[in-house]
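Dock chains B and C against chain A, hints included.
Order-wise, the sequence lines are chains A, B and C. Going left to right, the first sequence walks through residues 1 to 359 as my numbering numbers them. Going left to right, the second sequence walks through residues 1001 to 1266 as my numbering numbers them. Going left to right, the third sequence walks through residues 2001 to 2289 as my numbering numbers them.
It cannot be assumed that every hint is accurate.
So, partial list: chain B residues that the calculated Cβ filter (under 8 Å) puts toward chain C [to be verified]:
id	residue
1	Leu1024
2	Met1026
3	Ala1112
Chain C is nowhere near these chain B residues, computed Cβ spacing over 10 Å in every case [said to hold, decoys possible]:
id	residue
4	Thr1030
5	Asp1168
6	Ile1181
7	Ala1185
If you're looking for bench data, these hints aren't it; they were derived computationally from the structure. Even for Gly, the Cβ is constructed at its ideal location relative to N, Cα and C.
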Amino acid sequence: MARISLKNLRHSYRPVPSAESDWALKRFEMTFPDGSANALLGPSGCGKTTLLNVISGLLKPSEGSVWFDDRDVTLLPPDARQIAQVFQFPVVYDTMSVYDNLAFPLRNRGVAGNEVDRRVREIAEMLDLGDMLDRKASGLTADGKQKISLGRGLVRSDVNVIMFDEPLTVIDPELKWRLRSKLKELHRRLGITMIYVTHDQTEALTFADSVVVMNDGQVVQAGTPVDLFERPQHTFVGHFIGSPGMNLLPATFDGGVARFAGHALRLGANPATVPAGAELQIGVRPEFVSFAGSGIPVSIEKVADAGRFRVVETRHGEFSIRLLVGEDMPLPSESAFLQFDAAFTYLYADGWRQGGEPG
Amino acid sequence: MRRVKWLLPALYILFVLLPIYWLLNMSFKTTNEILGSFTWWPGHITLENYRTILTDPTWYTGYLNSLAYVLMNTVISVSLALPAAYAFSRYRFMGDKHLFFWLLSNRMAPPAVFALPFFQLYSAIGLFDTHVAVALAHCLFNIPLAVWILEGFMSGVPKELDETAFVDGYPFWRFFIRIFIPTIAAGIGVAAFFCFMFSWVELLLAKTLTAVVAKPIAAVMTRTASTSGYELGLLAAAGALTIIPGAFVIYFVRNYIAKGFALGRV
Amino acid sequence: MSGRTPNQKAWWLVMPVVLLVAFNAVIPLMTVVNYSVQETFGDNQFFFEGVTWFEQILHSSRFHDALERQLLFTAIVLAIEVPLGVAIALAMPRSGAWSSVCLVLMAMPLLIPWNVVGAMWNIFALPDIGLLGHSLNALGFDYNFTRQPLAAWSTLVAMDVWHWTSLVVLLAYAGLSAIPTAFYQAAKIDGASAWAVFCYIQLPKMKRVLMIAVLLRFMDSFMIYTEAIVLTGGGPGNSTSLLSIDLVKIALGQFDLGPAAAMSLIYFLIILLLSWVFYAVMTRDEAQS
Chain A
1 MARISLKNLR
11 HSYRPVPSAE
21 SDWALKRFEM
31 TFPDGSANAL
41 LGPSGCGKTT
51 LLNVISGLLK
61 PSEGSVWFDD
71 RDVTLLPPDA
81 RQIAQVFQFP
91 VVYDTMSVYD
101 NLAFPLRNRG
111 VAGNEVDRRV
121 REIAEMLDLG
131 DMLDRKASGL
141 TADGKQKISL
151 GRGLVRSDVN
161 VIMFDEPLTV
171 IDPELKWRLR
181 SKLKELHRRL
191 GITMIYVTHD
201 QTEALTFADS
211 VVVMNDGQVV
221 QAGTPVDLFE
231 RPQHTFVGHF
241 IGSPGMNLLP
251 ATFDGGVARF
261 AGHALRLGAN
271 PATVPAGAEL
281 QIGVRPEFVS
291 FAGSGIPVSI
301 EKVADAGRFR
311 VVETRHGEFS
321 IRLLVGEDMP
331 LPSESAFLQF
341 DAAFTYLYAD
351 GWRQGGEPG
Chain B
1001 MRRVKWLLPA
1011 LYILFVLLPI
1021 YWLLNMSFKT
1031 TNEILGSFTW
1041 WPGHITLENY
1051 RTILTDPTWY
1061 TGYLNSLAYV
1071 LMNTVISVSL
1081 ALPAAYAFSR
1091 YRFMGDKHLF
1101 FWLLSNRMAP
1111 PAVFALPFFQ
1121 LYSAIGLFDT
1131 HVAVALAHCL
1141 FNIPLAVWIL
1151 EGFMSGVPKE
1161 LDETAFVDGY
1171 PFWRFFIRIF
1181 IPTIAAGIGV
1191 AAFFCFMFSW
1201 VELLLAKTLT
1211 AVVAKPIAAV
1221 MTRTASTSGY
1231 ELGLLAAAGA
1241 LTIIPGAFVI
1251 YFVRNYIAKG
1261 FALGRV
Chain C
2001 MSGRTPNQKA
2011 WWLVMPVVLL
2021 VAFNAVIPLM
2031 TVVNYSVQET
2041 FGDNQFFFEG
2051 VTWFEQILHS
2061 SRFHDALERQ
2071 LLFTAIVLAI
2081 EVPLGVAIAL
2091 AMPRSGAWSS
2101 VCLVLMAMPL
2111 LIPWNVVGAM
2121 WNIFALPDIG
2131 LLGHSLNALG
2141 FDYNFTRQPL
2151 AAWSTLVAMD
2161 VWHWTSLVVL
2171 LAYAGLSAIP
2181 TAFYQAAKID
2191 GASAWAVFCY
2201 IQLPKMKRVL
2211 MIAVLLRFMD
2221 SFMIYTEAIV
2231 LTGGGPGNST
2241 SLLSIDLVKI
2251 ALGQFDLGPA
2261 AAMSLIYFLI
2271 ILLLSWVFYA
2281 VMTRDEAQS
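Chain A with its partners taken away, still in its complex shape (with noise of 0.2 Å):
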C-alpha cells in the first residue's frame, strides 16, 4: 500500500512542445490517498490513460515527479514500483495453466515453491478461481481471463497500487456488475489503493470514493460522487456526469445579481464580480428544477417515462429547460413556473465556477 503524489506533472508526446494543445497531460498536483478507491473519469483522449501509464512507469512524464510515499519513482521502471496493472483486454500467458499464470510473477522474483503455492491458492480462493487452477489459461472466458490478470497483481504481497485501464470493456454486460462487484470487495478487503481509468460514470462512481475528472489533458474536478454531482465545478463535469446532464442556461451579471431571460436567481454561491467578457452561464441539475406557483414561465414540450419517474422537457422562449418529476406526481397542463433550488444553483464563466465553495 502507499500514498501516491505526483507534483508539477506535465506530459507531452512531442519532443519539442510548443503550443498548449500539444501538451497531452496539462500541469497539476495531485495525492491518492493510501488505501483509497479511485476513478478518472472522462472521455476519450481526455488523457487519463497517459496519466495511469505515468503513474504505473510505463510513461516517463516530459516534467514533474511521481512519488510513492516518501519515495521518488520517477525514473523507475514498471517492475521495481511493485504495481499492478489490468488492462482493457485480457493478458493472459496462453500457453500456461491458469495455476501458472498466477504463479510467474512471483517465480520470476525467486520466491520459494511453498510460498508461491500459498499465495497462489489464496488469491485464487478470493478470485473464485480456486477450482480451476489446473484449467489452461487460454480455455476461459473474458472474465475469467480478466480475474487472472487482476490475480496476478494481488499475488505479490508488496503491491503499492493496482490501476486499472477500462477493464469491463470486453466484459458481457450481465457479467459486468459481478465483476464490478468483486473489485469493491476486494478493495474493502485488502484495503489496496486503487486507480481506475473509465469513460463510463457508472463504473465510476460506484466503485471510487473519490473521482478525478478529466478532459483535455486537464483534472477538471476532483471530489467524491456526491461532490461532482451536487456541486460541480465546471461546467463539464456538470453536463458529463448525470444523466440527463446538468442544464446550461445563458446568463447575466450585474450588481451582484444573476440573471436569466431577466429573472432574477439565488445561487448556492455568491460571486462578487466575475472575469470581463467571459461567457456565463447558470447551472442546475434537473433534479434541483421543480414546478411551482411562480418563477420562470415555460411550456411542457415533451414528457419522457424512465421509470421511477419522468424527465419532462419545458421551454422558455428558445432554452430547453430540463427537470425530473416523480412518476407519481401530477403535471401541469400546458404551461407552468420552474423554480431552482438556490442551493444547488450556479454561475459559470467560461465553464468555471463562480463564488467559491458552496455554503
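Just chains B and C, lined up with the frame of chain A:
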C-alpha cells in the same frame, strides 16, 4: 544488448545486397575485363552492355514480352478472383469447402509437372508462343492465390455493408463495383502485387510456352548464355534491368507489405 | 468463414475461376495420367501399359536418389531459413522509418526473376572472377562449385537462403506486429525476462504465421527448379539434380513420356499429401483457439 540486436538485420541486409552489387559491378564492365582480372569495381566503366540491350530488339522485346504477359495475368487473375472470393466470403454453397481446398492445392502444383502437358495443350489450341498463353498458364497458381488473399480481406468487411446497400435498392453489380471494391482497395493492391510477383519470377512455364514472338527476357538471357559463349557483361546488365520493375513495385506497396503478409495469406 | 448465408447461386460467381483453373489443371493432369499408363512408339501409337511406369519409377535408383537429395535439401533449407527469419524479425524495430527501409531492402530478392537469381549467384560464385569464389579461394579454401559436389550443395543452399529467408522475415514480422503492446507491458510488470517473453508471448502468438511460413517454404523448396538449374545445371554430374530437375530432364530432355508422366504423378501426390497434412493441422489448430 539492445545495440547488438540490430547487428543481425544489418548483417543480413549486407548479405542480401552483396550479390546484387556484384551483378551491377559486372554489368558496367566489358566481358574482356571480367574474364581478364578480378576487380572490386570497373576499372573502366562502360555503358556498352546497357546500350546493347536497350537498342537491340531481341533484348528489349524480351522485357516487353515479360511485362505484357505479367500485366495480362494480373488483370485476369484479380478480375476473376473478385467475384469468386466474394462468393466464398459471403455464401455457403454445395461443396464450397472442397472447392476452396482444391483451388489452394493448385498453388502447390510443381511447374515441372505441368511443363510438358501445357506445351501440348496450348499448342493444340493454337496459343503456342503467345503472351496470352503464358498469362493463362500462370493463372493456375495465381488465381487461387488471389482468391485466398481477397477472401481474407473481404471477410474483414462487415456484412451489414452489403445488406444496407441491397435494402437501399442497389442491384448487385452496382453495389459490387461502386461500393464494395473501393472498400477492399488495399486487398486488391496486395493480391495484384503477389500475382505480379509470382508471374514475373516464374520462368519454366514461360519458356516452355514461347518460342520467338512472345519470348520472355529469361529465355533471351539463357539463350545468350549458351549460344554466343559467355557474354557475362551483357548477361549481368540484362539481369540488373530485370530487378528494376520489382524494385518499383516494392516501393509503391511498401506500406502494404506488412499488412498483406499479416493476413498470413501468401 | 462464419455468418454466411446459404445460396447455391454463388456457383455463378465462382464459375469463371473454376473453369479457368480446371482448364489449366484438369486437362494437363488427364494428359499426364494418360501418358503414365501408356507406352509410346514415336508415331503416335499408344499401348496400354498399366502400372508398368509406376513400378519402374518407384523401383528406380535414379528416382530414389533424386528424392533423397530433395528431402535433404528441403530439410537443410528449412532448418536454416525458419530460425534465421524469425531471429531477424525479432531483432528488427517494431515500427518506424528504419523498419520500413529494412523491409523494402529485404524484399528485393523475392522479386527477382528466378533465372536471374541463378545467374547472379553463378557469376557471384565463379572461382576466379566471382566475388565469393575468388574470396574463398584467396582465403585458402579450395572452392569450385562447378567441379565439387560439396561446394555445389553449399552454394545452392546459400542461394536459397539468400533468396527466401526474407519471406520468413516478412511473415514473422507481420505476426509480431499483431501482438498488442499491452502484452509486453504486462510482461514488464510481471518481471519477465526477454527469454520468457519470447517463449510465452511471442512464439505462441506467431504460431499460425510460422506454420504458414514452414508450409510455404516446404512446398516451394520441394519444387525448386529454375534457379537451381541455372546455378549448377543439376551437376556436377548428378549431385544437385533435385526432383524437378530430374523430372524435366526425363520429360523434356529425353521425351520419355511414360516414365516422366508416372514420376510427375508420384511427385504431385507427395506434395498434395504433405500439403493436406499441414492444412489439416493448421485448421484444426485454428478451430481449437
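Taking the hints in turn, this is what the structure says about them:
Interface hint status for B:Leu1024: violated, as the beta-carbon distance to the closest one in chain C is roughly 10 Å, over 8 Å. Here the hint on B:Met1026 is kept, as its CB sits about 6 Å from the closest CB of chain C, short of 8 Å. The restraint placing B:Ala1112 at the interface with chain C holds, with a minimum CB-CB distance near 4 Å, inside the 8 Å limit. Chain C leaves B:Thr1030 outside its interface by the beta-carbon criterion, the shortest separation being 13 Å against a cut-off of 10 Å.
In this structure B:Asp1168 is separated from chain C by more than 10 Å, as the shortest Cβ-Cβ distance comes to about 18 Å. With a closest Cβ-Cβ approach of about 14 Å to chain C, B:Ile1181 is found to remain outside the 10 Å limit, as its non-interface label requires. Under the 10 Å C-beta cut-off, the non-interface status given to B:Ala1185 relative to chain C holds; the minimum distance is some 19 Å.
The structure fails hint 1 only (numbered hints given earlier).
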